[in-house]
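Asker: Next come the chains, spelled out residue by residue.
Protein chains: 2
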Amino acid sequence: MPATSLRDMRFLIHDVFDFEAHYATLNSAQTVDRELIDTILDEAARFTDGEIEPLNRSGDIEGCRWDAGVVTTPGGFKQAYEEYVAGGWASLCGSVEYGGQGLPESLSLFLEELMSSANMAWTMYPSLSRGVINALESHGSEEQKQNFLTKLLSGEWTGTMCLTESHAGSDVGLARTRAEPLADGAYAITGTKIFISAGDHDLAENIVHLVLARVPESPDGTRGISMFVVPKINLDGSANAVSCGSIEEKMGIHGNATCVLHFDAARGYLVGAANEGMRYMFTMMNAARLVVGLQGICLSQAALKRSIEYANERLQMRSLTGPKAPDQPADPIIVHPDVRRLLLTQRAIAEGGRALVYFTGQIADRLTAGVQQDDSAQETEAMLEFLTPIVKGALTEFSFESVNHAVQVFGGHGFVRETGIEQYVRDARITMIYEGTTQIQGLDLLGRKVLLEQGAGMLVFLKQVNELIAALKKSGGQDLAEFATQLEVITKQWGDLALDCAGRAQANPEEVGAAGVDFLLYSGYVALAFCWGRIALVAQQQLSASSAAAAKGAAGSAEAEADQNYLAGKLATARFFFARILPRTAAHKAAIESGAASLMDVSAEELSSI
Amino acid sequence: MPATSLRDMRFLIHDVFDFEAHYATLNSAQTVDRELIDTILDEAARFTDGEIEPLNRSGDIEGCRWDAGVVTTPGGFKQAYEEYVAGGWASLCGSVEYGGQGLPESLSLFLEELMSSANMAWTMYPSLSRGVINALESHGSEEQKQNFLTKLLSGEWTGTMCLTESHAGSDVGLARTRAEPLADGAYAITGTKIFISAGDHDLAENIVHLVLARVPESPDGTRGISMFVVPKINLDGSANAVSCGSIEEKMGIHGNATCVLHFDAARGYLVGAANEGMRYMFTMMNAARLVVGLQGICLSQAALKRSIEYANERLQMRSLTGPKAPDQPADPIIVHPDVRRLLLTQRAIAEGGRALVYFTGQIADRLTAGVQQDDSAQETEAMLEFLTPIVKGALTEFSFESVNHAVQVFGGHGFVRETGIEQYVRDARITMIYEGTTQIQGLDLLGRKVLLEQGAGMLVFLKQVNELIAALKKSGGQDLAEFATQLEVITKQWGDLALDCAGRAQANPEEVGAAGVDFLLYSGYVALAFCWGRIALVAQQQLSASSAAAAKGAAGSAEAEADQNYLAGKLATARFFFARILPRTAAHKAAIESGAASLMDVSAEELSSI
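Going line by line, the protein sequences match chains A and B. Per our numbering, residue 1 is the first one in the first sequence, and the count goes up by one each step. Per our numbering, residue 1 is the first one in the second sequence, and the count goes up by one each step.
Just so you know, the hints here were simulated from the structure itself, not pulled from any lab data. Please note that a few of the clues may not be correct.
One side of the interface only, derived from the structure: several residues of chain B facing chain A at Cβ under 10 Å [said to hold, decoys possible]: (1) S170; (2) K324; (3) H413; (4) V416; (5) E561.
Away from chain A, derived, C-beta distances all over 12 Å, residues of chain B [what the hints assert, rightly or not]: (6) A273; (7) K474; (8) D563; (9) R580.
As the structure is a prediction and not an experimental result, all values here were calculated from the model. Ideal placement from N, C-alpha and C gives every residue a C-beta, glycine not left out.
Here chain A stands alone, though its shape is the one from the complex (with noise of 0.2 Å):
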């Protein structure tokens, strides 16, 4: 079974996003119309549907073996990573100079949300290398572009991204991985990382390292740190001093090697300026942060996909208002209020999370290729840096909770191994910790974005939410009247709880930190309802013109009814996230209001005395 739903992928690109419109503004090479969007899209499903979807559960069972140094993954990845080679996948966005197809970023989001949903441990190996692509393309030298870039566009190599040592977690700055000149321009890198993503593996002959590492008399802290692009095999064909040293058992994402990997005064390149590294380093992270909230969403659409599935076909007990299915033993659970509410949570999550993800990747277009019309870059760049924190810390939170509720859908059968429903529960806990916490995104969101740079992403956000109020408004839908209603009391609270925030960060800096998650999921919750939004108002005007075809005779088709019911079912899904989860806002407003009194008037001593 497809895991996600290109109907509704389709609907959002073309009908809400437009993004046929939206690359006809960009400056890119190529020319980017409907039909060849949605070739790709068909074309990578088929791929994904075929290739990798089947190795999900079996790579999860069998999992990554390490054995003295050497990384197997398990059964059908090398495979599959040979189809997306040939099928041209690896190179759809990278610059044309470099082997690349040159095609918007935004593309590779669909691929990416096309091969996570399918199987996100075999889709990190080639998503790893988006990474060190944007890095070298942003800062990389042109040898090195030559070296690397043009291996790991045409998927021959793959790439990793090295920060993580174990005692700089979050604390990046504290990295002790030193970097030592040689007399050729290159550098001895030293030092051990953990927790590396398709660090090691055997689907691609090299891979390619961007390692973060200190050299001689850097300052200390994050201002010290250098970036180095370091290949597992040397240009020469040699092998360079890098090593698996083991790999962690996790709680899911099996089929991805994690690896602790050893650099033994491995040959190294420093990319682009010395103590820049970590300048760098964010280029990249913004990028991966994205595909981090893409992740959840993909979880989060296919274990929704199989609810929606199980809850039509599992009969359990009548309905309260007497039976749906006299014929049958029992109703089909979706007949159950509450079922219904599970479902609905996960549509409002995994479907206004995709168009979140969307809409935030037009911006990262705009602002990656440049525009054609007048634009102000700034604008964009803030709004980019504002949504960030949020598709990946509010997104990934959404998801574990929507993932949740298909296990609960599924009932003991989701806690069994064998429906591959809980699988998704393992899968997605990473995506809140890693490239950035929760805790990170929401410090990042708060103490940075809105109180540093006051506030300036936001209002260029809230500019956008307010034309959809008015739009909205003039729509003429009752629905849609009071959907911009609660928007416009909500975004407003929004703002006032900014300006709090900020006035009690000047007494007190523990402020951000008491308020940062909070306030990050409380932008989320704001963020899909600009969504779900912006849905409703094209599903309200098709339904109105696909009902008005209809009372002209002109539908009537299985098709015709099929979309209605699709439309239908987005504007129930809108309804039902104004009612029942934008009102969650209230207790993140009051934990907000609460200050940092109640976490911070308590001695580390009284709160460990347990």
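Since chain A is already given, all that's left is putting chain B on it; use the hints.
Answerer: Structure of chain B alone, referenced to chain A:
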């Protein structure tokens, strides 16, 4: 490391709920004073820390094996069970006539807590026996008691509950297992039961299954269900026709065998009267539901202990208000506000939830043992029935949040299996499903206990809340008075919501299903608020006494300081709960008030069209 906190158990048992005085009011054979309680706790902790906690991770890794119908438990499980039996733990609370020690039931909750905190999967083997013991004590014939109860109380045999069939989960009434009468008064039981925890194993020489089945010509649905006791080995020593067809691979509780059991005309004995099986099943189910609520709390507590330890050791980043450990490369993460939010949330849930289980356990004692003084058994029963779905449904949901926070405190180190933290998440996930899902608890609470029984139990509980409010106000403490005010507001709202639901349910029964889970969680927060109010009242009194003593120069020892830290930590957690957790009720209130429309005004086709 001990997985739970004896200190906190004692504080609640002696100081908050005064179990010694409580036991003195019961019609029990034996006097249970403070000293006896402490001895039992100490001995039990010695057993759990020494024998079963060390098997928690190894049991998870090794799991159970099934080979040609024979189930083998993980290494060490059998020996630990032998120690358990040798220690007399199996008989702690059974009838003296059948070999039990006749102690009040709540003592088995304390034992259960120590065991489940140390190793939930192992504990389920002896724990499942309790249900069979309760059912036989209440409904078994003298012969059945002699034949089975004595062996269960000695621990020589263990027990199971066989309800679920593959098509009959929450809907037990769909069960098809048949019971044909035999000439000698026994029955031949035929059918297949699934998801039978501890259904087969190598710990004991025999297993007593309580099986729900249908006698010939019984009515359809739950009214035609009878209860049978079916031993694995017949009383004459021959093998009964009970076989384990397979065991499930599961997300968690790997150390416990979840079995498919085939009954092929197996010899069974009718318990009580025919067609009364559901009623009997609820006798044991209600006790089992308290235990499941407690399991959630146990995992929450065990994970909390590890989190607190880790948060004090792990050095990452500096406090927002400047270095707190300037001689270290970074501060321990317990200085960061959001880490504290996670830890305090864990404490609020684990410690507040423990108090709720103890409070409910006292009520259950009064009902099971009977009380000497004038007391309305009807009121006691109503309150117990009202609190049971809250303990089962809300505490397991809260606990799942809590164990996930523990993973978050550990970051990437929480996702790898080595630290053992992610196991708590995998083990905890089942508690929201078995013995009645959260959805079933919501329907039971709102539909049956509040609406059908017109809130009888809720009113009794509210009397206790009002007494607490008065005591908090009288205490003179400013925090306590504030808690009282919040409790007044929240319980007023709670009653209004119940009335509101009752009104709407008359017009549309779907309103019950639509509000059930949100009402359940709302009620859970109210129940925790009640517990934190009681805890805070006692902590404040003791802290004042301790400060007064210190002022007189009487204290100052390390022990006195530890006590003061403990009490101050309790008060801080109470403040945190009222400031940041209780306001979540606002979101549930809004969801309840939004009614059934957003769930039911969408067809199954529209809802499924994704």
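Asker: Hint by hint, say whether it matches the structure.
Answerer: How the hints compare with the structure:
1. Among the interface hints, the one on B:S170 holds; its C-beta lies about 5 Å from the nearest C-beta in chain A, closer than the 10 Å criterion.
2. Interface hint at B:K324: satisfied, since its Cβ lies 8 Å from the closest Cβ of chain A, which is below the 10 Å cut-off.
3. Annotation: interface hint on B:H413 holds; nearest CB of chain A at approximately 8 Å, less than 10 Å.
4. Given hint, B:V416 at the interface with chain A, holds; its Cβ is 4 Å from that chain's nearest Cβ, closer than 10 Å.
5. Checking B:E561 against chain A by beta carbon gives a least distance of about 9 Å; that is within 10 Å, so the hint holds.
6. Non-interface call for B:A273 relative to chain A: holds, since the shortest CB-CB distance, roughly 25 Å, exceeds 12 Å.
7. The Cβ of B:K474 lies farther than 12 Å from every Cβ of chain A, with a closest approach of about 24 Å, so its non-interface assignment holds.
8. Not every CB of chain A lies more than 12 Å from the CB of B:D563, the least distance being 9 Å, so the non-interface label is violated.
9. Not every CB of chain A lies more than 12 Å from the CB of B:R580, the least distance being 5 Å, so the non-interface label is violated.
In the structure shown, a violation is registered for the earlier hints numbered 8, 9, in ascending order.
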